[in-house]
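J.: Chains A and B, in that order, give the protein sequences. So for the first sequence, numbering that gives the first Met the number 0 puts the first residue at 0; every next one is plus one. So for the second sequence, numbering that gives the first Met the number 0 puts the first residue at 0; every next one is plus one.
Mixed in with the good hints there might be a few duds.
Given that identical chains are not distinguished, each listed pair holds provided it fits within a single copy or across any two copies.
[As the list claims (entries may be wrong)] Using 35 Å as the maximum straight-line C-alpha spacing, the simulated DSBU-like pairs for lysine-lysine come out as follows:
1. K72 <-> K224
2. K29 <-> K333
3. K181 <-> K258
4. K71 <-> K29
5. K181 <-> K227
6. K71 <-> K103
7. K333 <-> K103
8. K29 <-> K224
9. K103 <-> K224
10. K328 <-> K181
11. K263 <-> K224
12. K71 <-> K263
13. K181 <-> K72
14. K72 <-> K103
15. K227 <-> K103
16. K72 <-> K258
17. K258 <-> K224
18. K227 <-> K328
19. K29 <-> K103
No lab work stands behind these hints, which were simulated from the structure alone. Just so it is clear, the structure is predicted and the values come from calculations on it, not from any experiment.
Number of protein chains: 2
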Amino acid sequence: MIKHDSIRAVRWQDDHLDLLDQRLLPQQQKLLSCTTAQETADAIRNMVVRGAPAIGITAAYGVVLAAIQHQKKSAEAWQAAMHAEIGTLSASRPTAVNLSWALKRMQRSMETITGDPVPALLAEAHTILEEDIVANRRMGELGAELIEEGSGVLTHCNTGSLATGGYGTALGVIRTAYAQGKICQVFADETRPWLQGARLTAWELVQDGIPVQLNTDSAAAWLMKQGKVQWVIVGADRIAANGDTANKIGTYNLAVTAKYHGVKVMVVAPTSTIDMAISSGEEIPIETRPDSELLEWNGQRIAAEGANAWNPVFDVTPIDLIDVIVTDKGMFGKSQVQKTTNGMDGGLG
Amino acid sequence: MIKHDSIRAVRWQDDHLDLLDQRLLPQQQKLLSCTTAQETADAIRNMVVRGAPAIGITAAYGVVLAAIQHQKKSAEAWQAAMHAEIGTLSASRPTAVNLSWALKRMQRSMETITGDPVPALLAEAHTILEEDIVANRRMGELGAELIEEGSGVLTHCNTGSLATGGYGTALGVIRTAYAQGKICQVFADETRPWLQGARLTAWELVQDGIPVQLNTDSAAAWLMKQGKVQWVIVGADRIAANGDTANKIGTYNLAVTAKYHGVKVMVVAPTSTIDMAISSGEEIPIETRPDSELLEWNGQRIAAEGANAWNPVFDVTPIDLIDVIVTDKGMFGKSQVQKTTNGMDGGLG
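Turn these sequences into a full structure, and let the hints steer you where they fit.
T.: In structure tokens form, the structure reads like this:
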């Protein structure tokens with residue numbers, strides 16, 4: 000009874016892009032249709048779709064929408080228009096590198112196109128999506144190998160089908176390991192302020208028939224103290240060359256408390272999440288979103304008027320606090336990453 | 000412009016008890032009146048009033064209400080009825096020891112009463128409230144001594160006028176140190192699931208004109224990483240003889256991450272919070288509240304149907320992670336607490 004196949008965050012339909020509006024889940028399953036790159040960028044910015052791999056895939060389809068709109072112009076005008084559209088898509092969110100990775104891939108594809116660009120770009124976007132699912136399945140197998148039978152695992156944010164082309168990164172590992180009978184309990188941080196854990200991860204796991212117990216983010220350390228967690232398993236939005244990992248706010252907190260309790264930390268991300276252009280996590284841009292995400296609930300004020308909030312939506316976990324990074328090209332620990340960045344074989348490269 | 004004097008969580012009015020309904024703050028300032036011990040116990044259980052010292056004070060007034068109701072019966076029936084009412088009040092919440100401390104004090108007072116018990120019990124309840132405010136002022140002075148000029152302080156939950164007779168424990172220290180010009184910024188965890196930080200602490204600080212910046216609980220470690228926090232200052236619901244401290248869920252998480260970042264941890268609590276009858280935090284009963292506090296928002300479901308939640312509302316921070324416990328009788332560090340429990344002078348006794 001594996002139902003995750005039916006969850007699709009991003010789906011191309013004939014001549015437009017359908018996004019499952021994640022702002023409304025789990026109460027409403029409603030599609031939002033995009034017909035232009037601008038609409039696609041807005042959907043990414045407003046978190047209709049979120050999750051590093053999913054926004055990369057979405058942006059790729061945004062390029063297809065731009066091509067449909069602009070193909071009828073002259074060769075020169077078409078190129079210029081596409082350049083601007085790609086810039087808009089690229090600027091929609093800053094932290095996840097999968098976005099610019101996917102856009103660069105679409106640009107490379109564009110460069111070799113002669114004639115109607117739409118079929119070739121659409122094929123490339125489909126390939127990006129399909130490769131992501133294959134990568135997730137592969138990471139699921141690899142990561143599950145590391146999990147001992149009878150483990151309790153704790154995850155943060157949503158890293159499942161909704162955050163990817165399908166199946167998931169960290170949640171893919173959890174799905175595979177659960178199917179192998181290795182996991183006795185999945186714990187999920189509710190993940191403030193956007194409640195991806197409560198709203199999205201719980202929804203996905205319930206559909207798969209995998210028992211899930213939510214906890215407040217600040218209860219995670221207390222849960223570890225009870226000895227109930229063997230692995231913290233999370234995704235990533237950008238991994239620097241040295242292995243430092245930007246991920247949903249609270250991941251760093253989890254990694255620090257995991258270290259204190261001797262709980263292992265697994266980061267699961269496709270190689271598209273790795274940014275070899277930057278040497279460490281200090282260079283990763285961290286998005287700060289409106290403080291209304293904390294101060295309000297459904298447009299209603301929670302906090303006293305006059306109170307401010309600080310709402311960075313990602314943080315950086317240094318490689319020292321990560322036991323293993325699972326990618327579709329293999330698994331890497333701290334020592335291997337260091338070899339790589341010293342110019343030796345292996346590692347994140 | 001010190002406005003905290005106007006905030007009163009618990010106020011006796013002629014023949015009944017008025018509680019400021021904290022479930023409705025900060026949007027509505029509404030009083031809930033209690034005329035019986037049962038109503039008072041319900042108000043404590045349902046978090047109309049919360050905060051260890053405040054529920055102790057409230058329970059003391061609950062005893063007065065019981066006395067008003069039962070005084071006209073025979074001496075024997077009166078005593079038996081009071082015994083049952085005190086049992087009801089005592090059972091309303093399990094973790095904060097201030098509740099049973101206040102009830103024991105009222106019982107001792109009852110034992111010496113001849114004639115109408117109401118005036119004497121009312122006087123004792125007033126004394127408990129007034130002593131709490133004096134203790135808070137004293138702790139404010141003591142704790143503030145430890146804070147260096149230019150400090151950023153982070154607090155969790157609400158420990159202000161709303162949680163006490165007035166002024167506050169941890170928030171009292173923050174108020175005093177801020178008035179002394181020592182604090183450059185107050186950071187407040189929003190404190191899921193009940194959002195005491197966002198709803199109550201921010202409201203109190205805004206009224207006092209003290210700038211406050213809220214953060215999600217899981218962002219606290221990332222805030223510490225930025226070097227912005229010098230002290231974590233929290234209250235307590237029960238302190239064991241060895242100094243282990245039960246407090247709002249997330250306090251343990253904060254203490255672990257503070258240790259990692261070299262940030263100091265101050266616990267502020269009146270001596271009524273110390274339970275010398277138990278040797279360590281392992282013996283403190285930890286209340287688990289309904290999982291609807293996580294799964295719902297204002298009665299509306301957040302999480303997918305079928306998902307469960309774990310909702311312990313307190314955790315225990317071991318004395319090893321606490322730099323200082325500030326009480327109205329003096330300040331104690333780990334080494335002093337250990338001396339005490341080894342039977343030597345000083346310490347928590």
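J.: Checking each numbered hint in turn, tell me which of them this model violates, lowest number first.
T.: Of the numbered hints given earlier, those the structure breaks are 1, 2, 8, 12, 13, 15 and 16, listed in rising order.
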